[in-house]
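Sequence order for the protein chains is A and B. Following this note's numbering, the numbering of the first sequence begins with 1 at its first residue and continues without gaps. Following this note's numbering, the numbering of the second sequence begins with 1001 at its first residue and continues without gaps.
These are computed hints drawn from the structure, not numbers from a lab. Note that CB positions come from ideal geometry on N, CA and C, so glycine has one too. Some hints here could point you the wrong way.
To be verified - In silico DSS-like pairs for lysine-lysine, Cα to Cα no more than 30 Å straight-line: (1) B/1128 to B/1065; (2) B/1011 to A/105; (3) B/1326 to A/643; (4) A/29 to A/356; (5) B/1628 to A/128; (6) B/1646 to A/73; (7) B/1105 to B/1345; (8) A/646 to B/1643; (9) A/11 to A/75; (10) B/1086 to B/1193; (11) B/1263 to A/128; (12) A/118 to B/1646; (13) B/1515 to A/478; (14) A/643 to B/1072; (15) A/646 to B/1105; (16) A/47 to A/105; (17) B/1646 to A/119; (18) A/628 to A/47; (19) A/119 to A/156; (20) A/634 to B/1634; (21) A/72 to B/1643; (22) B/1643 to A/65; (23) A/345 to A/478; (24) B/1072 to A/326; (25) B/1646 to B/1634; (26) A/86 to A/263; (27) A/643 to B/1073; (28) B/1646 to A/47; (29) A/356 to A/326; (30) B/1634 to A/210; (31) A/11 to A/287; (32) A/515 to A/462; (33) B/1263 to B/1433; (34) A/119 to A/72; (35) B/1263 to B/1119; (36) A/326 to B/1326; (37) B/1047 to A/634.
Stated by the list, open to error - Simulated restraints, written as ranges between beta carbons of each label pair: (38) A/540 to B/1460: 53 to 59 Å; (39) B/1144 to A/635: 48 to 54 Å; (40) B/1046 to A/166: 32 to 38 Å.
There are 2 protein chains.
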Amino acid sequence: MNPDLQREREKATFESIDLTYVTDGGREKTRRRRYIESLVLNDPAFKHEDFSFLTRNEQINLGAKLSILLEKKIKQYNLHDEDDLKYFRGAFPHHAFLVHHLMFKPSILGQGTEEQQKKWLPLADNLKIIGTYAQTELGHGTFLRGLETTATFDPKTDEFVMHSPTLTSMKWWPGHLGRISSHAIVVAQLYTKGECHGIHQFMVPLRSMKDHTPLPGVTLGDIGPKLDGFLDNGFLKLDHVRIPRENMMMKFAQVTRDGSYIKPVNSRMTYASMVLMRVAFTEGAAKVLSQACMISVRYSAVRHQTEMTPGGGEPQILDYQSQQYKLFPIVAATYAFYLAARNLKAIYTGAQDEFKVGNFESLADLHSISSGLKAFCADACNKGVETCRHACGGHGFLQASRLPYLYGLATALVIVEGENTVLYLQVARYLMKCVSQAMAGQKLPSLVSYMTEERQHQWSVKSQADLHDLSLLLDAYKHRCQRLVTMAAEKLQNQIMSGSAQHEAWNNTHLSLIKAAKAHCHLFVVRSFVDGIRTMDTSESARAVLKSLCQLYALSGIQEHSGDFLHDGYLSGDQVSMVSDFTASLLATIRPNAVAIVDAFDVPDAILGSVLGRYDGRVYEHLYESAKQSPVNKQEVHESYHKYYKPLLQSDRAKL
Amino acid sequence: MNPDLQREREKATFESIDLTYVTDGGREKTRRRRYIESLVLNDPAFKHEDFSFLTRNEQINLGAKLSILLEKKIKQYNLHDEDDLKYFRGAFPHHAFLVHHLMFKPSILGQGTEEQQKKWLPLADNLKIIGTYAQTELGHGTFLRGLETTATFDPKTDEFVMHSPTLTSMKWWPGHLGRISSHAIVVAQLYTKGECHGIHQFMVPLRSMKDHTPLPGVTLGDIGPKLDGFLDNGFLKLDHVRIPRENMMMKFAQVTRDGSYIKPVNSRMTYASMVLMRVAFTEGAAKVLSQACMISVRYSAVRHQTEMTPGGGEPQILDYQSQQYKLFPIVAATYAFYLAARNLKAIYTGAQDEFKVGNFESLADLHSISSGLKAFCADACNKGVETCRHACGGHGFLQASRLPYLYGLATALVIVEGENTVLYLQVARYLMKCVSQAMAGQKLPSLVSYMTEERQHQWSVKSQADLHDLSLLLDAYKHRCQRLVTMAAEKLQNQIMSGSAQHEAWNNTHLSLIKAAKAHCHLFVVRSFVDGIRTMDTSESARAVLKSLCQLYALSGIQEHSGDFLHDGYLSGDQVSMVSDFTASLLATIRPNAVAIVDAFDVPDAILGSVLGRYDGRVYEHLYESAKQSPVNKQEVHESYHKYYKPLLQSDRAKL
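One chain only, chain A, in its complex shape (with noise of 0.2 Å):
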């Protein structure tokens, strides 16, 4: 064990321990994925090479050879539950069924009949089939409207054509569709006695069951190499390819026997189950976020560099205010973020009672809270694994350091699941129309009622002490997320009133609109830390431990973005310089417990794989034992010498 991590961890005032059950949601939980994920860490099956040394081909041929083994185990343990089977795949990050268990096998279940869930899930369940979800195309991305595939109805024959009628129809990017799927839901335009219904769903054979070979009209492929950590992509175009009509999933609309097409009676369970997968990926979001802090947390207190005093010898660069501050918030929003998806999930359950009785009011400021979180979240978790990435120095650009590859995780979810800029809009529309009901003098929805309420002008925060009291964070927020979306609104009507059209008026706006949206994701995230720490059951220590970091979010936040507190004046200057001094002050509480708050997100050594973030803190050993594996390093002479520079080295002296 590093003795400066020994000594991090002697001096901590909390258990860490009470951390962990808070962000895996109770001490019952902590033990069962203690559990479940030892089944796979224990077992020696599943020792294997470093993903980073092999080519790709021999990546996809290991993750097959894995995530079979995985899905046997599964079996022989009984695993069923949720999370159970969560923690376990999760215990092998490069799965190849994830797309075919979180994808395929859910639009079966959410969009296919009772008959058609008969037929296909338990070939699905014992991996008889192998699925993908094929939505996205070569040139359309989250305007689903826009998408160019069809599906065309044939009275003659019962069947489907499934065509992709131009290049930028092709199919692209669906996860392990190009070399191991044998099945895609594919999403295509419904056309049936001649007219278009929109997008929907069909299931669609791709490879044959004897030999794996494309079927006939089927071509499939890799797109090719991208940036690390991602799983293997592939495109599909379809030729004229027939499939029976009861292979289109028909839970909602339908097309009969004689080509007539039947709306759907009722589609919004479908709009609200995209909350809860919303709420997933910024979990995801926060997990990604938790293992680059532990790396670069841990390494910064065992990395020594620069001496504070001449001859005083190199403090642990954790010791640096600069490095503190870049590291500590990214740690802090970390915790925001599970408890804001908890919090979302939360509220989420509470309403499903009211959805199963056809009560949909709640679900509209739902939707767009989960739209807007994802998008909060995953901007945040892209810059906050590039910052820690960056505070761990040269060692971070090693794919041993990790970093790497939950960048490649981290920046994917800006664009999985909706862009970013898009979903943003969305949440904007959203508070544009809110604005016309709070004018009309209608009730707001709760989580955007702040719009209305009564605030004073100025802020109310005299003295650092008060900087204390969470709900005068939460104030600031408010009033600025008033004072954005008031101000979007009224650029926006400013435009129209000048004579633009409602879309030009729209794009003319959407810097203002996206500010406003981003302002209302903040909110209900620094709102949802706050509402966290009161609730939670956790020992006072650790509370102590939230309060800083839920304050040091909260108050780093305004400081990033001073600008929109100060612009009417709700915050003066010397206020945000008080903010300033009391962030610094933060930190160096949060300093003696830092490791003790990122051994807390207890990912285990296997599964964080990262040589600077070992629990043991033996940094420089497990960096040289990692780089002698090389697969460079395989001959003491390399074999460009031999080729190339040995000719050059011993030719002629005079000549080149």
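Guided by the hints, dock chain B onto chain A, whose structure is given.
Positioned in the frame of chain A, the structure of chain B alone reads:
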């Protein structure tokens, strides 16, 4: 040619080539660059496989083959001019001798005696030896005094004993050290007569000239896979390796036969030469950024997404205000950085005459801004490339877009040639010294003279029309600098007055100091842009375009950091709103010229290497062509099927 791109080019209000002359530095330079690049690009011998499809071993082999060919052609064409060499080598970005040419040879030239130069330079020039520069260690980066490698003089044999006394003293990161280099300039602590004299440079042979095996006592290798875009980097452990005394680079300091140490008389010219090195990195940042801009602006003109009005067709994404605000400020920053680098180089050149007569008065001012500028531009480049990548949606994740590779280069700039945070703190230290000088009534050097300028308490902008006045924009930046520098100095002073030790006070003021340093660099960049436009020889239409970009750069900077300007009421909220509105109108002004502006960066397709950024705009065709080449697509049925999936898919249906 994609019709969208064609239309964009037709409607431009200026000639692209005029701006090309600006970034190249003149019409003749552009002509020459194009000619030299064509020598490589039109040469079929340089056609090669896509590097992203190769394993690292294959990359090293191909890099070796083509780099040697490149060097031979340089001799054939008899190229000697610095720029010619830069253009020629720049046309093959995977060059294996970059460290050899840019660090190893300059070390001999800058630190070697005439005799040493005579001995080593011809060998290096003719690639009879291949060298690297080994400074950074596993445990030590930017803080050079902390380096642990020792060079101990042994008077008995007239040799230095080169030694790595600890694990952390291993050299780590030097480019091409592990597999290719035969020699290294090793930076080590010099010991003679039992005394340490700090770090010096030593020429150390690493590998046998006969068979390339490591020499006795030398352990070296590759440090393992990293982020994309990185050349191969190595480690080096020295176990009492003996080199003759004459292998110490003795231009300045010397060790005599009897082991006496002779101090360097004047090494300030070395210090001065660092200025140019950092200018080169600033230019490098601009270059990387220009390529990222070319890719994402061209792609944004080709990509259509989302309807603005129902049924109104999908507009080019470049028409969205949010997309413009992502990209145009980065395009503007690219020009800003080119002009800042050029400005600094000009000031440096102007000061050379003073240096030659021993007048080093302006050196600290220059050295400080060169450190800061590298940090500031590298940060912006890192963030900018990332924004460009995200602006391309999912396709920006593909290696074929080139953006992951550019990101690797961009992010490396943050850490090479001094870690950015450390550099900002160096700048801050200089600024604090200047504050003391100003308080003592001394005249300040020119780049910090804004500190003592009299300035109004409020910005004199009354209407949007005033924002056309570039000197008013400069005023705002100067005021911000003045305030932030003063505030940091006060904070520091207060800490000391309240009893903190100097180093504690410094550490506790890190955040304010870094903020001040960044503002200082930002001002230099804005000023360079403003001055550059005023003095440059170009067409009026091109100057108008540059003026819009300059305004956008300055105004979007005010908007992003509005808190800094609002803090003391120098700007009012209304003025910030004016800035925002004017920024939005600038986006619309720049929009019609956007493609022509990035065309002006004039990077040929073969160097840009991006399917998204090609001149012809046939994005989707190129994406598909590239995907089909992926090595993962070699067999129609992937080997993982035969090995793993087949038994699974065809096993008894009931069991997994």
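Each hint tested on the structure:
no., hint, result
1, B/1128 to B/1065, "16 Å, holds"
2, B/1011 to A/105, "50 Å, violated"
3, B/1326 to A/643, "47 Å, violated"
4, A/29 to A/356, "29 Å, holds"
5, B/1628 to A/128, "28 Å, holds"
6, B/1646 to A/73, "18 Å, holds"
7, B/1105 to B/1345, "22 Å, holds"
8, A/646 to B/1643, "40 Å, violated"
9, A/11 to A/75, "44 Å, violated"
10, B/1086 to B/1193, "44 Å, violated"
11, B/1263 to A/128, "78 Å, violated"
12, A/118 to B/1646, "24 Å, holds"
13, B/1515 to A/478, "27 Å, holds"
14, A/643 to B/1072, "16 Å, holds"
15, A/646 to B/1105, "21 Å, holds"
16, A/47 to A/105, "29 Å, holds"
17, B/1646 to A/119, "21 Å, holds"
18, A/628 to A/47, "19 Å, holds"
19, A/119 to A/156, "25 Å, holds"
20, A/634 to B/1634, "26 Å, holds"
21, A/72 to B/1643, "16 Å, holds"
22, B/1643 to A/65, "8 Å, holds"
23, A/345 to A/478, "22 Å, holds"
24, B/1072 to A/326, "47 Å, violated"
25, B/1646 to B/1634, "19 Å, holds"
26, A/86 to A/263, "36 Å, violated"
27, A/643 to B/1073, "19 Å, holds"
28, B/1646 to A/47, "23 Å, holds"
29, A/356 to A/326, "46 Å, violated"
30, B/1634 to A/210, "20 Å, holds"
31, A/11 to A/287, "26 Å, holds"
32, A/515 to A/462, "28 Å, holds"
33, B/1263 to B/1433, "27 Å, holds"
34, A/119 to A/72, "22 Å, holds"
35, B/1263 to B/1119, "24 Å, holds"
36, A/326 to B/1326, "24 Å, holds"
37, B/1047 to A/634, "29 Å, holds"
38, A/540 to B/1460: 53 to 59 Å, "55 Å, holds"
39, B/1144 to A/635: 48 to 54 Å, "34 Å, violated"
40, B/1046 to A/166: 32 to 38 Å, "35 Å, holds"
The structure is inconsistent with the numbered hints 2, 3, 8, 9, 10, 11, 24, 26, 29 and 39, although it conforms to all the rest.
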